[in-house]
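Asker: In order, the protein sequence lines correspond to chains C and B.
With the working numbering, you'll find the first sequence wraps up at 153, consecutive numbering, no jumps.
With the working numbering, you'll find the second sequence wraps up at 179, consecutive numbering, no jumps.
Hints are supplied without guarantee of correctness; some may be wrong.
[What the hints assert, rightly or not] Dumping the calculated SDA-like pairs for lysine to any residue here, alpha-carbon to alpha-carbon at most 20 Å: (1) LYS69(C) <-> THR34(C); (2) LYS37(B) <-> LYS88(B); (3) LYS85(C) <-> ASP34(B); (4) LYS69(C) <-> ILE84(C); (5) LYS37(B) <-> THR34(C); (6) LYS119(B) <-> ASP138(B); (7) LYS69(C) <-> GLY99(B); (8) LYS76(C) <-> ARG38(C); (9) LYS37(B) <-> ARG38(C); (10) LYS37(B) <-> LYS76(C); (11) LYS85(C) <-> ALA35(B); (12) LYS66(B) <-> ARG95(B); (13) LYS37(B) <-> SER132(C); (14) LYS37(B) <-> THR125(C); (15) LYS37(B) <-> GLU141(C); (16) LYS88(B) <-> TYR117(B); (17) LYS32(C) <-> GLU79(C); (18) LYS88(B) <-> GLY99(B); (19) LYS76(C) <-> TYR117(B).
Keep in mind the hints are simulated off the structure, nothing from the lab.
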Amino acid sequence: MSLSARRIIPGLGLFVLMTVVAVWALWPTGGKVTINDRARDLAAELRCPDCEGLNVADSTTTSARSIRKDLLRRLKAGEDEAEIKNSYANRYGESILLNPDGGGLGILVWGLPVLLLVLGGVGITIAIMSRSRSTRLTPTESDREEVKKARGK
Amino acid sequence: MKYSARWIALSVGAVVVGLGVVLAMQVGNDPRIDATKSQLVGQPAPELSLRALDGTAVDTNTLLGKAVIVNFWNSWCIPCRNELPALKEFANRYRDDPGVALVGIVRDDSTRAIKAYVKAEGIDWVIVTDPDSRAALDFATRGQPETFALDANGLITGAQIGPTTLRDLESLLGSAQGR
């Protein structure tokens, strides 16, 4: 096996392994998404209005129960998630939404990790490529002689 | 290689510095500040269709044409109990005024507990129950007590989160009457 192949294979193997793990982790599980699933997901994105640090899905307050019923009713009536979230944000203010929107300062929250990931990836790729391109020093005959001499001492 | 690495380091540094500047500019901006005031002021009041403790219907139509103070409360809530004297005084002042209505909406309590409390405290204004907290949700309440002022056209003109004083109630009424 050549030297370059020995260098590439572990990296390639790691890349394939990471891809398989990522696909496995992100692969959608379960069957068809029901309206109850959608209501539960939506409830998890709304802050419980009368409790601290809980979303509507996890809270047991009367308000949270009412909101869960309301979400289900609205989804059944044909409203989509964005419309419902918008309606809640209009009544309660943006703080009712647990996930920041993609506009204004919210774009930083979503965009920055992606940007840093891309920059990091580019950096690592360039570093690996330039490392593999760099000429390897091979000992000359006089170098060997020097080493021999030094060992002989 | 040397230059690429430098550029990448510089870009990452610029991003981090930019983020720092943006975050520094946001210091003092509480993202939950909107939770301290109602977003509904200036908007039409949600439709109400509730039942008073004596069974009579209380809905938006019966309240139109009046300046209405809507108070969300519970019998077990201490701040609600604390504001009761102010509500009693307010109710006394406007008992004979046909242009003013005071409605107490029970946010989350048992009818039995409420009836006992109303009787014990001699509450004589309209108290309605709110099954499933429907009205509380429509008014976007976050707790209790919360008090809203509605003008004669059914527009929300003022709101207070937390217990009210007589002065607060007068101020809310003033907003509903356009004073």
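Asker: Give a verdict on every hint.
Answerer: Going through the hints against the structure:
1. LYS69(C) <-> THR34(C): 15 Å, holds
2. LYS37(B) <-> LYS88(B): 25 Å, violated
3. LYS85(C) <-> ASP34(B): Answer holds: LYS85(C) to ASP34(B) is near 16 Å, not above 20 Å.
4. LYS69(C) <-> ILE84(C): Cα-Cα ~13 Å, so holds.
5. LYS37(B) <-> THR34(C): 36 Å, violated
6. LYS119(B) <-> ASP138(B): 28 Å, violated
7. LYS69(C) <-> GLY99(B): 36 Å, violated
8. LYS76(C) <-> ARG38(C): Given that 20 Å is the threshold and the Cα spacing comes to 10 Å, the pair holds.
9. LYS37(B) <-> ARG38(C): Outside the cut-off at roughly 30 Å; violated.
10. LYS37(B) <-> LYS76(C): 31 Å, violated
11. LYS85(C) <-> ALA35(B): This hinted pair holds, its Cα atoms lying about 16 Å apart.
12. LYS66(B) <-> ARG95(B): 13 Å, holds
13. LYS37(B) <-> SER132(C): 61 Å, violated
14. LYS37(B) <-> THR125(C): Since the Cα atoms of LYS37(B) and THR125(C) sit roughly 51 Å apart, the hinted pair is violated (cutoff 20 Å).
15. LYS37(B) <-> GLU141(C): 84 Å, violated
16. LYS88(B) <-> TYR117(B): Holds, at roughly 14 Å.
17. LYS32(C) <-> GLU79(C): 19 Å, holds
18. LYS88(B) <-> GLY99(B): 18 Å, holds
19. LYS76(C) <-> TYR117(B): 39 Å, violated
Comparing the model with each earlier hint shows violations of hints 2, 5, 6, 7, 9, 10, 13, 14, 15, 19; every other hint is respected.
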